[in-house]
Amino acid sequence: MSRDEVMSKLNEIFQNVFDDEDLVITDSTNANDIEDWDSLEQINLIVSIENEFEMMFEIAEVSDLANVGEMADLIMSKF
Numbered sequence: 001m002s003r004d005e006v007m008s009k010l011n012e013i014f015q016n017v018f019d020d021e022d023l024v025i026t027d028s029t030n031a032n033d034i035e036d037w038d039s040l041e042q043i044n045l046i047v048s049i050e051n052e053f054e055m056m057f058e059i060a061e062v063s064d065l066a067n068v069g070e071m072a073d074l075i076m077s078k079f
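The opening residue of the sequence shown carries number 1 in our numbering; numbering runs sequentially from there.
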């Protein structure tokens with residue numbers, strides 16, 4: 001799977017979790033950019049991402065992520 005495919009799937013996940021089909025994420029998108037992105041939505045995002053990509057993250061892996069680009073890189077590292 002290419003990084004572009006990962007970003008496309010991540011965008012779909014973000015649209016579903018935040019119930020906003022117009023939402024477009026980039027590598028630099030972070031919690032400050034999306035109004036409803038709080039700690040509960042963070043958990044929903046991680047669970048949705050784990051389910052979509054059929055992988056599990058360690059808490060330490062996701063707690064240090066600064067933006068969506070870092071999440072995409074983490075996903076790519078697990079393939």
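One should not assume that every hint holds.
[Stated by the list, open to error] In silico EDC-like cross-links for lysine to aspartate or glutamate, where the CA-CA straight-line distance does not exceed 20 Å: (1) Lys9 with Glu70; (2) Lys78 with Asp64; (3) Lys9 with Asp20.
[To be verified] Derived DEER-like restraints, expressed as beta-carbon distance ranges: (4) Glu52 with Ser28: 16 to 24 Å; (5) Met56 with Asp22: 27 to 35 Å; (6) Ile43 with Lys9: 12 to 20 Å; (7) Met1 with Thr26: 15 to 23 Å.
If you are wondering where the hints come from, they were derived from the structure by calculation, not from laboratory data. Bear in mind the structure is a predicted one, so any value in this text is a computation, not a measurement. Note that beta-carbon positions come from the ideal geometry of N, C-alpha and C, so glycine has one too.
Against the structure, the hints:
no., hint, result
1, Lys9 with Glu70, "holds, 15 Å"
2, Lys78 with Asp64, "holds, 17 Å"
3, Lys9 with Asp20, "holds, 15 Å"
4, Glu52 with Ser28: 16 to 24 Å, "holds, 21 Å"
5, Met56 with Asp22: 27 to 35 Å, "holds, 30 Å"
6, Ile43 with Lys9: 12 to 20 Å, "holds, 19 Å"
7, Met1 with Thr26: 15 to 23 Å, "holds, 19 Å"
No hint from the list above goes unmet by this structure.
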